[in-house]
Amino acid sequence: MRSANLTPTVQPAWLRLILGAVVALLGLVALGGPAFAQEDEGGSEGATESIGGTLQTKGEDGEKIFLEGVTFIVLDAGGSEVGTAESDAEGVWRVDLPSSGVYSVELVEATLPEGNALRNPEKNPLEGIEVQPNTNKNTLFPLGEREASDNNTNRVAQLTVDGLKLGLIIAICAIGLSLIYGTTGLTNFAHGEMVTIGAMVAYLFNVTWHLDWLGDWMTSLAFGAVMAVLVTGVLGFAFNEGVWKPLRKRGASLIAALVVSIGFSIFVRYILLYQFGGRAGFYRDFRIGQSIDFGIFTILKKDLFIMVFVTLILVCVGLALQKTRAGKAMRAVADNRDLAESSGIDVEKVIRLVWIIGSALAGLGGVMFGMTENINWEMGFRLLLLMFAGVTLGGLGTAYGALLGSIIAGLFIQLSTLILPGDMKNVGALVALILILLIRPQGLLGRSERIG
Amino acid sequence: MDYQAIIESLFRGLIGERFIVFALAAIGLNLHFGYTGLLNFGQAVFMAAGAYGLAMMVATVGPRLNENTGLNMSETTLFWVGVFTAVVVFPILFALVMGIPTLRLRADYLAIVTIAVAEIFRIVARSPRFDWLTGSSDGLTGFSGTFYDLSPFSTTGRYFFNLFTGNQFFLVLVGWTILAIGTTICWLLVRSPWGRVLKAIREDEDAARSLGKNAYSYKMQALILGGMFGAVGGMVRAVGFSVAQPDNFITDVTFFVWVALILGGAGKVFGPLVGAALLYAVLDSSDTVLRQLVENDYIPSSFMSGTQVGQVRFMIVGLGLVLLAAFRPQGIFGNKEEMALDDR
Amino acid sequence: MTDEFAKHDALVPEAGPKSHAPHPAHALPMFDVDVAAARSALSEVPWEPGASKPDPILVADNVVRRFGGLTAVDVDHVEVQRGVITALIGPNGAGKTTLFNLLTNFDTPDTGSRLFNGQAIDKVPAHKIAGYGMVRTFQLTKALSKMTVIENMKLGATDQRGESLFASVLPVLWRKQENEIESRADELLVHFKMEHMRDQFAGTLSGGQRKLLEMARALMVEPEMVMLDEPMAGVNPALTQSLLGHVTGLRDRGMTVLFVEHDMDMVQEISDWVIVMAEGKIIAEGPPGSIGQNQAVVDAYLGSSHDSALDLGEGS
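Chains as they are written, first to last, in this note's numbering: chain G, 9 to 460; chain Z, 24 to 367; chain V, 80 to 395.
No wet-lab data here; the hints were simulated from the structure.
Errors might be hidden in some of the hints.
Unchecked claim - If you want the ones that stay clear, here's a sample from chain G, every Cβ over 12 Å from chain Z, calculated: (1) Val-110; (2) Ala-118; (3) Leu-134; (4) Gln-140; (5) Thr-147; (6) Val-164; (7) Leu-172; (8) Thr-227; (9) Ala-246; (10) Phe-313; (11) Val-316; (12) Phe-317; (13) Cys-324; (14) Val-325; (15) Arg-339; (16) Ser-350.
Unchecked claim - Covered by chain Z, per the in silico footprint, the following chain V stretches (three or more residues, Cβ under 8 Å): (17) 211-217; (18) 239-247.
We put the CB at the ideal spot given by N, CA and C, even for glycine.
Model the full structure from these sequences, guided by the hints.
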């Protein structure tokens, strides 16, 4: 039981800090606004021409299945992007056009639900679509047989590779969640927003801003990712200093802190929605990927890169935790805070470091997640639940447990599509989370707690 | 500026349908969090259980049952079976799913699992695969006829200072009656030895167990009972708007209930009522004010559009939750001794 | 009777310090145990770990509890004599509180069995232990701070009809019992001289008052055996004598007391028998006077860097 004394008097310094952080965040996202705002205007109801369609396929019994969440990108004759749309639950998508003319449409294959493929992959992008004034042009992307039947990839092997990729991404995002829990006891529900912010910062550099006054490299995704890491690291520092440290200083209970983190999560999330709108974005780089065929599975080059890169980062993090002074201090604080404090470790300093590194890793993970799927305002919140599943599976508060648990969660999510329909795969992971709590609540690497 | 619209929205916020829905949900959450200390972040799922329990029984499951079993239940029968499903069967099922894995563990596991269940609900309810059951993202309609048939008020007239149509007025009256009954039950419960055990568990579970109280069982009872209040709220919402849609019950809705509860004061019988009324008075009137400012170009559309107004209320709720939990955990009228959030 | 024991026994007044002799209270249960006989029977018990007692109320066998690679508790055999005050001492980290948790089923041992009043309690959940007549308190006081003192007290009563969900909304079903419980609680509060705080929130009490409240609340269960985890920790010295008086008062009404304590003065003053733990094992047992001479105990305390180490000269 932690003694708690939440004095209701407002402490001006703390309020200034929180307001400062909020203003900084608003300012940051406000800078990103214009490009999205343009898209918004493009999508206003005044447009009289549009391109759209209905994406559907047939189920095993011949019933119609509409595919939701598939992204379409419309390009004008010059090859620059006019707009994007995502198919809704009825498979319907539509992009409003600035004027009549010739356009091309690309279906982003990566967004097709598992097990669906285009019947005519060579007709994607679909080019030379003439749109007459005041018409809504419909296009058709026929979907073919299931992918597995027309090449010799082994479905299990393919899903294992996909699952490993997802698991690695969950892991890089979840390490911070686990370390913050371990060192401060806070179940940080606002951690997912760090992932979203990371992905969006990279998007700003890669797509929105076109800053190239120092050369083209400034618009590359690599530079965007570096900036994402910097920004999320700084934000992690700022949130700790501005919000969490004052709360700890005042001896606020963990429950109060948890509620604060939930409020913070929803607040930041809706600021992001406000500024970026509800649609999905894609990085300019790596939009259309080449894949490498390994016989029993194929993998997109960018995905292979992601897997190797994230593995490297995770190995570095693991080594740092194991070998460096700071890493050892982090593990010591996570293991037993009081003992660490009495043996001369500056706990606040360790916590600050954990916030910076944990947030920066989440930001980097956000860029990776954005590369494999799309960038939207609630991507982090969705991933947060999978992170919780991974972290709980591995054992709350243990860094290696978070790694192991996340990878198992990723594998489980993908492999569950062998049994479950594709749109239910996250349900599988969440049900697994509940079952794990029933069977082994302390997680795979966690220790049971002592009482009293 | 249309000041009458602003004042009307203020009053509707204070006493109208939304207030009733959220006050009921907050009474349930008060039993969970305010009295037992359970971190339920899935109250929206209990609300959905109420809405879908009724809607499915009348619109999808009931007719199929009739077809396949030859039971031939009338729509009225289905409606009342639906009410029973919504208020009793579903909340118990959901509470068991959430509670069995987590109620023996530290408090934050329940928070994680309740959010997970909310996400599972969202995915399943929106899935086209279950369209025959849940109506996927469009949801279900056509299940509230039986209720409005009972209304003694004219459908064309306006009631209560022209604030409500006949049907709305009927719903609001029934809603207030339910609220009054619910608050009375809650009042009786928390002043009884049963309520005393709940408070003891909230303060210290181990102490309660050392004195022979089965903490797990009491927590489960509280979870179920509070879930039932949430389900009644969700059912009122579904009947009031004649539709049950997945998007009405996303996780963010839970946070509205939390703000209402902490605003009014967790662990107080009238806290949920005060909080829900205040929250909706503030949200609905600020919403109307903002919309009018946008429509009349007092706020440039480049800064805020009509859809963005809706997002502002979520920001208010998020920031409200942060500031309340940090500075006024005892609610805006509460005193320090009764703080419900600290000391754990 | 050995010399040491006799000598020590003479130093301890039968019912604790006279100046704080408790009021007779009807609310306190009286058990049909011959306390004097129980105490003198201890003189026949050999001074060795795991010694068997003439009338044990609690028996534990082969109780082992590991946390990860660390063995916190490894007790071959221990018995607690009925009707006497037994102290459980040992350096920090000796596993006293863990053993307490295991004996009261707040923690599950990896192996081992426990008998209370001859009944196996291995599979009994923690909340049912109170029903068997055994109540524990906690090292960190668990006064329920946002409940009033009287609410805390009333919570302790067992078999309350109003604690069932369905009965709770019909006060007529439980009002009479509630009144009885309340008057019993009030009597106990008078006995503990806390009646003036009756309607205060427990959170406003001082550390010592909370300890008293916790003990009084435990007595509402009407237990045969009371287990106190560091009852004197953090208590204002002015209150300790009164607390000690209450503990000996419990024994004199036939209750069995097992308590964990650091302060050797307290142990010498009130206990009839002492069990010493170190590194998870029981290393010595005997009357309080015998402990200071025990080489294993001396080694255990000198070997540990614990700062409240025994003042071994005292009492021997």
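Verification of the hints:
1. Val-110: holds (31 Å)
2. Ala-118: holds (20 Å)
3. Leu-134: holds (25 Å)
4. Gln-140: holds (30 Å)
5. Thr-147: holds (21 Å)
6. Val-164: holds (23 Å)
7. Leu-172: Leu-172(G) clear of chain Z: closest Cβ-Cβ about 23 Å, beyond 12 Å.
8. Thr-227: Fine: 25 Å to the nearest Cβ keeps Thr-227(G) off the interface.
9. Ala-246: Fine: 15 Å to the nearest Cβ keeps Ala-246(G) off the interface.
10. Phe-313: At about 30 Å from chain Z, Phe-313(G) clears the 12 Å cut-off, so the statement holds.
11. Val-316: holds (31 Å)
12. Phe-317: holds (29 Å)
13. Cys-324: Check passes; 29 Å lies beyond 12 Å.
14. Val-325: For Val-325(G), whose nearest Cβ neighbour in chain Z is about 24 Å away, the distance exceeds 12 Å, so it holds.
15. Arg-339: Given a closest Cβ separation of 21 Å, the condition holds.
16. Ser-350: holds (24 Å)
17. 211-217: holds (count 4)
18. 239-247: holds (count 8)
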